[in-house]
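Each chain, written out:
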Amino acid sequence: MGDKIKAFWRKISWAWSPESERESSEAIVKNFWLHWFPAKVARASMDWNYSFWLGTASAALLLILTVTGVMLMFFYVPSTERAYGSIKDLEYAVSFGRLLRNQHRWAAEGMVAIVYIHMARVFFTSAYRGARAINWVVGVILFLATLLLSFTGYLLPWDQLAFWAITVGTSIAKQAPLVGPTIQFILLGGHEIGQQTLLRFYVLHVFFLPVLALVLFGYHMWRVRKDGGLAVIERVRNERAMAPKATPKTKSYSLFGLTPGTSVQVMSSTELEESDQVFSSPNMSRRIALVFLIVFNITLLAALLFNAPLEGLANPSVTPNPAKAPWYFVWLQELVASTTVRMGGFTISGALLGGILLPGFLLAVLTLWPWLDRSPLRTEGRWLAPERKRQNATFAVATLVIIVLIMVGVYLRGPYWRIYWPGQPRPEIPQLY
Amino acid sequence: MDADRRKILRFIGKGSVLAAFLGQIGAAGRAFFPNVLYEPPSRFKLKRPNDYPNGYTLDAAHRLFVIRQKDAFHVISAICTHLGCNVQWKDTEFDCPCHGSRFNPDGTVISGPAPRPLDWFATTVSPDGFLEVDSATDVARDFRLVIGGKGKA
Numbered sequence: 000m001g002d003k004i005k006a007f008w009r010k011i012s013w014a015w016s017p018e019s020e021r022e023s024s025e026a027i028v029k030n031f032w033l034h035w036f037p038a039k040v041a042r043a044s045m046d047w048n049y050s051f052w053l054g055t056a057s058a059a060l061l062l063i064l065t066v067t068g069v070m071l072m073f074f075y076v077p078s079t080e081r082a083y084g085s086i087k088d089l090e091y092a093v094s095f096g097r098l099l100r101n102q103h104r105w106a107a108e109g110m111v112a113i114v115y116i117h118m119a120r121v122f123f124t125s126a127y128r129g130a131r132a133i134n135w136v137v138g139v140i141l142f143l144a145t146l147l148l149s150f151t152g153y154l155l156p157w158d159q160l161a162f163w164a165i166t167v168g169t170s171i172a173k174q175a176p177l178v179g180p181t182i183q184f185i186l187l188g189g190h191e192i193g194q195q196t197l198l199r200f201y202v203l204h205v206f207f208l209p210v211l212a213l214v215l216f217g218y219h220m221w222r223v224r225k226d227g228g229l230a231v232i233e234r235v236r237n238e239r240a241m242a243p244k245a246t247p248k249t250k251s252y253s254l255f256g257l258t259p260g261t262s263v264q265v266m267s268s269t270e271l272e273e274s275d276q277v278f279s280s281p282n283m284s285r286r287i288a289l290v291f292l293i294v295f296n297i298t299l300l301a302a303l304l305f306n307a308p309l310e311g312l313a314n315p316s317v318t319p320n321p322a323k324a325p326w327y328f329v330w331l332q333e334l335v336a337s338t339t340v341r342m343g344g345f346t347i348s349g350a351l352l353g354g355i356l357l358p359g360f361l362l363a364v365l366t367l368w369p370w371l372d373r374s375p376l377r378t379e380g381r382w383l384a385p386e387r388k389r390q391n392a393t394f395a396v397a398t399l400v401i402i403v404l405i406m407v408g409v410y411l412r413g414p415y416w417r418i419y420w421p422g423q424p425r426p427e428i429p430q431l432y
Numbered sequence: 000m001d002a003d004r005r006k007i008l009r010f011i012g013k014g015s016v017l018a019a020f021l022g023q024i025g026a027a028g029r030a031f032f033p034n035v036l037y038e039p040p041s042r043f044k045l046k047r048p049n050d051y052p053n054g055y056t057l058d059a060a061h062r063l064f065v066i067r068q069k070d071a072f073h074v075i076s077a078i079c080t081h082l083g084c085n086v087q088w089k090d091t092e093f094d095c096p097c098h099g100s101r102f103n104p105d106g107t108v109i110s111g112p113a114p115r116p117l118d119w120f121a122t123t124v125s126p127d128g129f130l131e132v133d134s135a136t137d138v139a140r141d142f143r144l145v146i147g148g149k150g151k152a
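Keeping their order, the protein sequence lines are chains D and F.
If you read the first sequence in numbering that gives the first Met the number 0, its first letter stands for residue 0, the second for the next number, and so on.
If you read the second sequence in numbering that gives the first Met the number 0, its first letter stands for residue 0, the second for the next number, and so on.
Just chain F, with the same shape it has in the complex:
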């Protein structure tokens, strides 16, 4: 009876030290997952629609292409879906300098290691008249932002 009590007390004693130790390790590990990120927002403004010529325009700072076909706009990510390098617009296709992926003008894969098409970003016009991109939201490849004669562009 007495021995049992000792056993339990010993178990509680050692166990609590072990638990505290594991908790300490967990806390130290948790610190590596940042709670606050000082990163640019996923929703940001570009230039005014009329600042873009027809065709493919690279916005290097935001790593995306703005594509204008008269009044219709869409935005394709310049980040290769393979391993994250910036693709370049080469006359009729996107080419990646890191591992040689090639993409059609609509972002679908021609060849190379890229596993899926380039992302298309949701695009709107902000109230003050700028193109506004939400890089966290993908849209289908028939998406077009049409800014008609009656529109505010």
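Isolated chain D, as found in the complex:
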């Protein structure tokens, strides 16, 4: 009996712990969960301190968010009358409901941070050159999807934060030239925030945006493989002074005879030396499993230690004072609050300048950066290459400015959005609810 169990266990687990090179390569072919990996990957791409496995961590967060999110859907009611109560129920009436919501919340905020840091890593290692530029663009869209998921997510509890975030968010959308009012109308499902608004943001949050994120995530991974793996393999190639091999010509027999062309895996890492490669199973599969476990445990710990915020029930009559966005949008709040331009009788609202034009410009520059980048290709896959000093400084300064704006918004802004320095007394503002 014991032997039978052991044999059965071996049967389902051998692919994860292969005992020979033959089993390693067979694992990739025979195991569904491993089949999307190449049989071998570059040894350098397994380094912990090249990529910090931030993309894997983001994927882990996406998985946690999907699972906890679907769980939360069993308890949440997307109705303006019952949404807030269903969150309260999760906190007080459902066993471990609070834990579930906490983990969803902290995983979401973690994902915003980790996805950004992942993008910074790709930038600082010049890992978006050549064909990888496409994946950079996909990544930027995934980052946007992450932000939109967060935004639509914190609207659902229908608390004060939700209500005033929708008010401000859709008012910014209204400022878009020409189409603005139509966009606001379609987002709200009317002229005022109401049941239609909540339902629309709910469906966006639980269906459209997650599906978008999952599809793009799949494409993101597929492209990593088609581009030959992480950009660090270009560094290895450069170090080995390997001339790029002539594109292998392939011959395929189609119905009508020979089909000439080049092989699909033009940029395969398999052209690296044998010693520069390792088997995906177990070298990559175990690392991925480890990263998933670490991320899972960190979010669980955060969920045990800290409660997700929940403000008072949405009240259109009273704006909280001050009304602050979550930290990852506070820098935008600072921008819309301080970019109104007045020249004579002519005024450009900060809502348009700081809420649409400036973020739009940043986004466009970010998206097009691979084509603006003129640095030498030998920087590929190298951290903070000196040849890219100016580019790296630009990205670092932009990030720093955003962090400073976030700090100002989170720590210094007080009632009526005025600056209060640490230690400076803040006026008591009666909270009317």
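Worth flagging that the hints you see were computed from the coordinates, not collected in a lab.
Here the structure is a predicted model, which means the values were calculated and not measured.
A hint or two may mislead.
[As the list claims (entries may be wrong)] In silico DSBU-like pairs for lysine-lysine, Cα to Cα no more than 35 Å straight-line:
hint : chain 1 : residue 1 : chain 2 : residue 2
1    : F       : 46        : D       : 323
2    : F       : 69        : F       : 44
3    : F       : 44        : F       : 89
4    : D       : 29        : D       : 10
5    : D       : 388       : D       : 87
6    : F       : 69        : D       : 323
7    : D       : 29        : D       : 5
8    : D       : 323       : D       : 10
9    : D       : 3         : F       : 69
[Claimed, not checked] Covered by chain D, per the in silico footprint, the following chain F stretches (three or more residues, Cβ under 8 Å):
hint : segment
10   : 16 to 26
11   : 87 to 97
12   : 119 to 129
For every residue, glycine included, the Cβ atom is placed at its ideal position computed from N, Cα and C.
Start from chain D and add chain F according to the hints.
For chain F alone, coordinates are given in the frame of chain D:
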């Protein structure tokens, strides 16, 4: 000749499927523009004029201020012209808690990101003696609803 006819038929065939598909997408998109809105009317009644003291009174439910100077009334919107938060009356000015816009007592901008003054709403007295506001109609900043001794207030 025969080939031409096939071409045309094929064009009509594929074209009609494409047209139907685009029409379907358009119809689905159109559904997101509501035809009926269950929203409160833009014209609504407040309290009776004499229920308001002199000075600035907030009507939180309607998000506006009723300002009374003896017999003269006017109504200023409490919705910030920047991004739609509710401004608060602070002794001598309106202040916005979201992005720090500040407005004079007549609604003109002192400072902050607000691009234009607060709206003034057309105000009348309804036949049954209540203040009546039309929030869809703006009035100039010299508007006053004077309810004299002979009036019905």
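For each hint, the structure was consulted:
no.: 1; hint: 46(F) - 323(D); verdict: holds (33 Å)
no.: 2; hint: 69(F) - 44(F); verdict: holds (20 Å)
no.: 3; hint: 44(F) - 89(F); verdict: holds (25 Å)
no.: 4; hint: 29(D) - 10(D); verdict: holds (12 Å)
no.: 5; hint: 388(D) - 87(D); verdict: violated (51 Å)
no.: 6; hint: 69(F) - 323(D); verdict: violated (39 Å)
no.: 7; hint: 29(D) - 5(D); verdict: holds (20 Å)
no.: 8; hint: 323(D) - 10(D); verdict: violated (55 Å)
no.: 9; hint: 3(D) - 69(F); verdict: violated (95 Å)
no.: 10; hint: 16 to 26; verdict: violated (count 0)
no.: 11; hint: 87 to 97; verdict: holds (count 6)
no.: 12; hint: 119 to 129; verdict: violated (count 0)
Consistency note: the structure conflicts with the earlier hints numbered 5, 6, 8, 9, 10, 12.
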